[in-house]
Each structure stands twice: as structure tokens, then as C-alpha cells.
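Colleague: In case you want the letters, here they are:
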Amino acid sequence: MIDLAQLAAVPGVRGAVLADLAGGFLDAVREPEGEALAAVAGFLCTTVGQAGDDLGLGPVARISVAGAARAGLVVVDGQRIVAATIEPGSALAGVERSLDASRKGSA
Amino acid sequence: METILQEILDIAGVGAALVFDGGGRLVAHRGRAVYDRALCEQVSALLVKAVDSVQLQQEDWDSITALFADGRLLLRNLGAGGGTPRVLAVVADATLNASFATVAIRVAAGKLKRAIDGGSNASSMAPAPAASSPGASGASGAAPAAALGASRATPPPLPTPAPAAADSRPGLAGSGLAWSKISSVGLSSVSVADPASAAFLTRASRELARYVGPISKVFVEEAVRRISSDAPFSLPLGRALVDELAAQVEDPKDRALFVQALGKP
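Read top to bottom, the protein sequences are chains A and B. First residue of the first sequence? That's 1 in my numbering, and the numbers climb one at a time after it. First residue of the second sequence? That's 1 in my numbering, and the numbers climb one at a time after it.
Everything labelled a hint here was simulated from the structure, so no lab data went into it. C-beta atoms are modelled at their ideal positions from N, C-alpha and C, and glycine is treated no differently. A few of these clues could be false.
Said to hold, decoys possible - Stretch-level coverage of chain B by chain A, calculated; a stretch enters the list once three of its residues show a Cβ under 8 Å from a Cβ in chain A:
{"no.": "1", "region": "35-43"}
{"no.": "2", "region": "52-61"}
{"no.": "3", "region": "65-76"}
{"no.": "4", "region": "213-224"}
Said to hold, decoys possible - Capping the alpha-carbon separation at 25 Å, the derived lysine to aspartate or glutamate pairs in DMTMM-like fashion look like this:
{"no.": "5", "chain 1": "B", "residue 1": "Lys49", "chain 2": "A", "residue 2": "Asp77"}
{"no.": "6", "chain 1": "B", "residue 1": "Lys253", "chain 2": "B", "residue 2": "Asp243"}
{"no.": "7", "chain 1": "B", "residue 1": "Lys253", "chain 2": "B", "residue 2": "Glu222"}
{"no.": "8", "chain 1": "B", "residue 1": "Lys49", "chain 2": "A", "residue 2": "Asp53"}
Only chain A is shown next, with the shape it has when bound in the complex (with noise of 0.2 Å):
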């Protein structure tokens, strides 16, 4: 299970949003437009989580998004997602290997 406190501790993660898969908002920390991106995460998992069903990718797990100002990671938990806005350049591969390895710690 993704703790949204633990994930906005990562280092390079500048906020983060819980969610449910509808794009409903539960929660944020360090977050102000927690509201819409639980929306905009809620959209594109659903939307992803489509495509992948029809090309046979199975359930979609994680998506990240890079880009010249920031980057974002939306992991999907059960019927939750948590969303995270984190700084350019590779603090997003950072935040993705401590997913990585907080999930085989757990597991």
C-alpha cells in the first residue's frame, strides 16, 4: 500500500494527492491544487488504463510524465492512486526507485 505521507518525504517530490480512480480528491500534502490534480490523475489512469486493456498490457501500475519544469508520477494502488508532482531532470528515477523498493520491502 502507498503511503502518501512516506511518498512526500521522498526527496524530489515537491507535492503529493491521494485519490480514488474516479479522480475524487482524499488527500494532499505540500499540494495547493490538490483538487485538480486528483482529477487530471484520476482521468489518465482511467484513460491509460483503457488502452492498455485493449492492446493486452494488462492493469496499468504507474505512469510518469516528464517534462522541462517538472515531472509527475501518478502509482496506482488498489482503487486508489497517488499522485505526485516532483522536480525536473532524474528525481523522478530517484522517486521511482524508492517506490520500487519500498514495495519489495513490503512485500
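Got chain A; can you put chain B on it based on the hints?
Modeller: Leaving out everything else, chain B in the frame of chain A:
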């Protein structure tokens, strides 16, 4: 363009490589037999919605990577050469060497951008020759591309919206919405002229949420900025706003219900 897509398809683990435009139309594709043109067209229509949603938050996005249980989907922004946004999508299975593929796809995306910027669009849109590799379904041409949202339907006329409550934040309590009365560039606030206008935006967002979910607020904010970029939103712009928002409702019956609901006092 097909040659470049074939280079991507030659990467171990890649099942298909396709380019779609801002209207969700397939521009070109190469893929194994299972990833035929019909499937790629279907997926393009879905992925453009995903890209649109990302652009609401991050217009300068460069790449989107989706990790699935049995594979990956990698999207690269090819820019809007010639005025038409295009996206490269690569479908891969779990055997993909992500580090190697990232570099190879970045190189290929650069080539595609140069090809598009160099004016080779016309040739890339033409029907392509049969695929040369075993198991490949071949490349596809497509109809001329259009800008985002160009094909949206026009909704029926709307009665003038009636003024709402006189409180400074009417109807906002408990709604999770917070329309600002001052100018802002943030996603969570837009400029409104008066309380009635704020109430109308709240109502529009609620009605739209019936059909598109919580992202309705984002759609409303974006629409307000499009139709009222230089001045605070006011009720006389209500019809234009509903016209914009109605385009987000895919089903014609739902669209009519949405417009009808916002026409009531």
C-alpha cells in the same frame, strides 16, 4: 516516417510503434500482426484523451511512460510541427530493456520531429508500402490531421442563464469549488465578475461532472480562460461557456441534457 517507426519496431520487446495527431487520428504505424490498424486507431483515440489531460497540468510535457503488469506504453511529444500536434506511442512487452529503449526511442523521436518540421508530412500521410519485417502488419496512412477539438459538435442553443444567489460565494459551501474573484493563472481559480457568475460556474461544473467526473472543474476553468481571457467571466458569456463545455460530453443525448440543465433558472 515509416522507416523510423520500423527502427523502433526492431527494438527487442517492442510490439508496435505509432504516431497519432491532436485529434486522435492515426497518422502512421508499424506493428506486429496483432497490433493492426483498427486496434491502433482505437488506441490512438484513447491516448489523445490521456495526452489532453496531461496538458491541462503540464503543457510542456516531453514523455509519458505507463508501466503495466505485462508491458509498457511509452509516449513521446513530437511537438506541433506544421501546426498539428503529434505524439509517438510505443507498445512494448515485459521483455523490453527500458534503459536501451529509452535512448533508442529518444533518437527516433528526434528523427520524427525533424521529419515533421522538415515538411515531410505530406509523404508520411500517404499510404505506406507493405511492412518488410516478419509479423509486421504494415504502416498506415490517415486522413489529414486537424487541431485539437476541431471536430467537436455544436450543441443546441442555450437560454440565457438566470442570476443566482446574492452571497459573495453562493453555492460553493461543501462543493469543493473555489472560484476566485481575482485574476489568477492557477488551475484552481478563475476570475469572475460577480457572485452570480461564480454561482453559474459552480453549477456548470456540477452538471458537467455528471458526465465526465471530477475533471469537470478543470474543464470549466480551461473553458473560462479560452472564452474570457482578457476580462473576468460574467453571465453574458454563459452561452459560450456551455457551448465549450458541451463539447466535452460525447453522447449527444447527454450533451442535450447538459445544455438543457444549464438553461434552467
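Colleague: Holds or violated: Lys253 of chain B and Asp243 of chain B, Cα atoms, limit 25 Å.
Modeller: 15 Å, holds
Colleague: With a C-beta cutoff of 8 Å, work out whether three or more residues of the region 35-43 of chain B approach chain A closely enough for the coverage to hold.
Modeller: holds (count 4)
Colleague: Does Glu222 of chain B sit within 25 Å of Lys253 of chain B, going by the straight-line distance between their CA atoms?
Modeller: 24 Å, holds
Colleague: Can the restraint linking Lys49 of chain B and Asp53 of chain A be considered satisfied, given a maximum Cα separation of 25 Å?
Modeller: Measuring from Cα to Cα gives roughly 15 Å; hence the hint holds.
Colleague: Would you say the region 52-61 of chain B counts as covered by chain A, given the rule of at least 3 residues with C-beta under 8 Å?
Modeller: holds (count 7)
Colleague: Are there three or more residues in the region 213-224 of chain B whose C-beta lies closer than 8 Å to some C-beta of chain A?
Modeller: holds (count 7)
Colleague: Using a Cβ cutoff of 8 Å, are there at least 3 residues of the region 65-76 of chain B near chain A, or does the coverage claim fail?
Modeller: Since three or more residues must qualify, the claim that chain A covers the region 65-76 of chain B holds, with 9 doing so at under 8 Å.
Colleague: Is the Cα-Cα distance between Lys49 of chain B and Asp77 of chain A 25 Å or less?
Modeller: The given pair, whose Cα atoms are some 22 Å apart, holds under the 25 Å limit.
The structure meets every hint from the earlier list without exception.
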